[in-house]
Every structure is written in C-alpha cells, then in structure tokens.
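**Student:** Residue numbers (UniProt numbering), protein chains in the order written: chain Z, 1 to 504; chain S, 1 to 143.
Hints may contain errors.
Just the calculated beta-carbon pair ranges, DEER-fashion [what the hints assert, rightly or not]: (1) S:ILE36 <-> Z:LYS289: 56 to 62 Å; (2) S:GLY64 <-> Z:ARG383: 31 to 37 Å; (3) Z:LEU16 <-> S:VAL117: 51 to 57 Å.
So, partial list: chain S residues that the calculated Cβ filter (under 7 Å) puts toward chain Z [said to hold, decoys possible]: (4) ALA6; (5) PRO34; (6) PHE37; (7) ARG70; (8) GLU86.
Treat the hints as calculated values from the structure; they're not laboratory data. Predicted, not measured: the structure shown is a model, and the values here were computed from it. Don't be surprised by glycine CBs; every beta carbon is placed ideally from N, CA and C.
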Amino acid sequence: METLSLLWDGFAVAALPINLLLIVVGCFAGTLIGALPGLGPVNGVAILIPLTFAFGLDATSSLILLSAVYYGCMYGGRISAILLNIPGDEPAIMTTLDGYPMAKQGQAADALAISGVASFIGATLATIGLTLFAPMLAKAAIYFGPADYFALYVMAFATIGGITGADPRKTLLAALLGLMLGTVGLDPSTGVARYTFGSFNLYDGFDPIVALVGLFAISEILFFLEEKAHGGSMVPPGRVFPRLTRVKEGLGASLRGSLIGFIAGILPGAGASLGAVMSYSFEKRISDKKGTFGHGDPRGVAAPEAGNNAASGGALIPMLTLGVPGSGTTAVMLAMLISLNIQPGPLLFERSPDLVWGLVAALYLANFTLLILNLPLIGMFTRVLGLPAWGLMPLVVAISYLGVYAITHAAFDLLIMVGFGILGYVLRKLDFSLVPIVLGLLLGMDMENNLRRALSISGGDFTVLVQSPIALFIYALTAAFLALSLWLARRGVVAPLHAEQAED
Amino acid sequence: MSDRLAGFAFFLLATGYVWLSAGYTTSFGDPLGPAIFPRIIGIPAILLSLSLVIWPRHNATWAGPAGLMRQGVAVAILLAYALLLEPVGFVPMTFIAVLGLGLLMGAPPLPGLLVAVVAAPGLYLLFDRLMGLPLPLLGTWIS
C-alpha cells in the first residue's frame, strides 16, 4: 500500500509539463537511435548526458530523459533487425533470426506489430517488477556497512565478466584498467596527487562523462570507418496493416520472455543482450516442435523482444538500490547521477523519493508513449532507415563535441575524449569489453573509500572485510553467480557475445 | 598474437603503475594511505596480463589498408577539431569535421557538402541561440 501511495506521488512528478515533454522526446529519440544501425542505447545515452548537464536539467528530469531513451532504444532496435536484417543495437541480434524471414515473406507489418506488443509487455512487466522489488531491496540494503559495500563492488566486477562469456581474464583486466584510471587525480583523503605527471588538468581525475562519450561515441565512428559500404537492402513492407491473429500468437512467448529477461537484467553486468539470448533459446526449446524457428516464427520474434525490454527494466533495480549497475547503459546513467552528486543506493529511496518514484512513474508513461510511437506511427521510423549513415554519423561527432565542450569549456577534455575513443576502439578490437572499464572508473573512488572506512573502523585489520555476515553472503552469492555462468556456458545456453559489437 | 601484444602492453602499464605507487606516501591520515589501493589493483593486473602473454586466445583482425587509412585521417580530423575549436570557432570547425568525416564515410561530394553547410550553422543556431549553450561562433583567431 505504501508503495502505491509513493507511486501516486511519483506520477505527480512525472506529469510535470517539462517531464512529460522529456518523456516524449526521449522515447522518440530512443526509438530513432535504436533503429539506426551502429548506435545503441549506450551510445545514445552517452551522447545525451553532456547535453542534460549543459541544459541544467535537475537529476530527476535527466534520469527520466535517459531512461526514456534507454527504453526507446530497446523498442527501436527491432525495426532495422526486421527490415534490414541488421540489428539496430546489440540486444536486437536475436530478433533478426525470425524477424527478417517474416519480412521476406511479406509479413513485415505483422513482425513489427508482434515485436512492438512484445516490447510493451516486457517493458511493462519489468516496470511493475521494479515497482515491487526495488523498495524491498533498498530496505535490506540499509544495513550495509563499508565492508559490505566493498564486497558488493567485488561482486559487480566478478559477475560482469563471468556472465558475458568473453575471455574472463580480459574482463577483469578491463575492470582493473578502469580502477587504475579512476585513481588518477588528487587522492580525496590524503590530498596526494596520484598519476597526474605534473599536469594540473589531471588533478580532478578523468571526468567519467568525458571518458564515456569517447569510449562509446567516438570509438563507434572508428568502427564505422573500417568498411566502406554499409547497409543492406530494405525489404518492401508488404501488407500495411498487421493482423491481430498473428499478434496473438506471440503473447505466450512474450510473457515467458519477459520473466527470463527481467531476471537476466537484475544480474549485475548481464544486460539486455543476455536477456534476449536467453529468452530466445528458452522459447525455442519449449515451443519449436515443428522446426519453424529461424524461418519466421512469430514466437521467435516475440520472445527476444520481450526479453530485452524486460531486461532493461530489471537492470535499473541494482543501479537504483545498490548503486551497482546491471548493464552498460545503467552504468552510464550511474555516471550521470554521481556527477550530479546523487549517490544511488539504499538511501536514495529515503532521501530522494521524488527522484525514484518520479522515474518509475515516468517509465509507465514512457511505455504507453512508445506503444503509440511504435505501432501506429511506425512508418515514420522505417523512413528514417533510408537516410544515409554518412549524413548522420558526423552529426553524432559534432553533438558529442558540443556537449562535452558545453560542460567543461576546456579543449583539453576534448582531447581526452578522443584519446578514450581510440582506446575504446583498440580494446574492442582486442575483444575487451568496455563496460567494466566504465564501472571501474566510476566505482573506483567509492571502492577505495569504503575499504578505507572499513579499515579505519578495524584499525588496519584486513580481516574486517570478511567478518560481516552480509559481506560473507555477498561473497557466497558471487561464487554462486560464477558457478551458474560456468554451468550455463558449458551447456551452451549462452552464446558468447563479442565485445566488438556495441554494448547495451 | 594480438593477445600477446595486449598482455605485454598491460604488463608494462600495470608494472609502471605499481612502481609509481611507491612514491605516494603520507605520514598522517588513514591506515590505508594513498599507495595500498593502487597495489591491490595493480598486482592482479600484472598477473592477468602475464597470463595473456603466456596463454593467448584471441587474434584480432584489423581493418584493411584502405580502412586503416580512413581511420587515420578520421583521427587527424578529430584531433584537429578538438585543438582548433577554440582558436577557429565552432561553426568553421564543425563544417570541416562534418564534411571530412562524411566524405570518409563515402558521401557523394555534393550531398556531403550540403549536409556540412546546413549542419554547422544549424547546430550552432539550435544549441547556442535556441537552447542557450554557449559555443564559440568564431574563434579567437578570426574575431
């Protein structure tokens, strides 16, 4: 009951004219970014963050905008997956498997409608799940001490690599690189300048926002330049209006996909791609009696779309309640909150109920907006796919530059951004994932501070780290996650995702 | 091979990182001090990078000569854009960057030029005039 009244207050925040406007703008921009091949949620959100700062939006409005973009991308990714056989973003890869064959059979309108409805079901169920579970987790997390937070960070880094399936040594190295980059600058508790090499520009350390825009937006440009020719041929849409009977065929798969995706989203570091992969594999196993999967089965379109949308809602839970993001995009949002001096975590629910519940309410509104944008107005977005990339990608660069310049007013930061862009490109080519770097850069200072606090309490005795029952529980959970991911990998449930693709 | 090189680069980085941490000392403050945390993260990084050198698994395929050329030119444009934004100004530099990157991405010359001609003043008007983000219209060298 308490939750309902808080949610009601949240709707009062979300219904402010500025927030309603941001929801519509965010949903529109998100669907567009998701639909364009090469740009995914993490790039889109990274590019928009400097702009939210520059416009002086408050934390609630910024978070509403970015979450609307995040949800919108999950809807939009399917459009190019179905029409072009090119996933608009990584979570939409699974949608190409059955969506493109359906389009080739002249059922593009059906496939778009099925996946649109599946997206709505997945995202709405996940938002309901967020409403119910996030406050419970936040209540439990109030009892966390410094040693427990340290354990939580260890879990975040350990699980992010274990589950994605790439070489776990590289994921750990990437996380450690992020932590190293995070120590650059003045040490907050002793005032010693570390790794600044005498440059005053580095005394504040690397601004995570600048690093993010470089890692995700600039590196994407370099990727894009590898090949000269891009794009596929668009399938003619066939019939204009979807048939309701086809949409119904996907309902069961949507519900099952939502549940699996939601759980995948909550796991730290797993994200929407894993949600889509797991939902599709599961649906294929239980429903593919006649071998129609892969040849245009509506259930094969519904399951991964419900899965990736549900995962994006689930990924917000650990980000808001524990301050440990569940996916690349939520890591980027965390960077924004930290830069606005808002520390996500259990206290967020006590101190800023407006922000938390305003966001949750906005997500419900965003879902309805997206349903309208993605069913009746879908034609608008399919036309955008005809636009050439050479016209759009340079604009992404210009917007990144003006956004970063507007918040820092320093050409030095633009150079840092380009540096991170090159670093991000090289690391992705070498099959290192970028999300752990972001996590390390973001959480490094907090991790060190919590370690310091724990050791100050114990007077320098390191055993304090394993004395709290909560910390022990978290370490046990970490071990269980790692065991589970090894088991999943061995059974071949999770196809290894490659770091070269844009992350979610 | 690329894993070996990556491991070696990380090894150099992490070793240097740990080595430099020895210089960070204070006589006051907390029990941890400024040097311990860098070692806690640096030493595992050394071990992991060595394991990559000894047991490599992945081999990266880089872009062909034409692709590398395009990437090199793009990096030059990006660096020039960053360095010259203040001296030359947002509108001229955005024009150059959008045109250059567009051509690299395979834009036909005339439409590419058209996009740059519209985008450079367009973005300035949209973000500076309409939405109030201060951007340098023309830089210190020109105005």
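**Student:** Each of the hints needs a verdict: does it hold here or not?
**Tutor:** Against the structure, the hints come out as follows:
Against the hinted window of 56 to 62 Å, the Cβ-Cβ separation of S:ILE36 and Z:LYS289 comes to about 59 Å, which satisfies the hint. Look at S:GLY64 against Z:ARG383: about 33 Å separates their beta carbons, and that is inside 31 to 37 Å. Range check, Z:LEU16 to S:VAL117: Cβ separation about 39 Å, and the 51 to 57 Å hint is violated. With a cut of 7 Å, the hint placing S:ALA6 at the interface with chain Z holds, because the nearest CB-to-CB distance is about 5 Å.
With a cut of 7 Å, the hint placing S:PRO34 at the interface with chain Z holds, because the nearest CB-to-CB distance is about 4 Å. With its C-beta approaching chain Z no nearer than about 5 Å, S:PHE37 sits inside the 7 Å limit, and its interface hint holds. For S:ARG70, the interface hint holds, since its Cβ comes within 7 Å of a Cβ in chain Z; the closest pair sits about 4 Å apart. Interface hint status for S:GLU86: upheld, as the beta-carbon distance to the closest one in chain Z is roughly 5 Å, under 7 Å.
Of the numbered hints listed earlier, the single one contradicted by the structure is hint 3.
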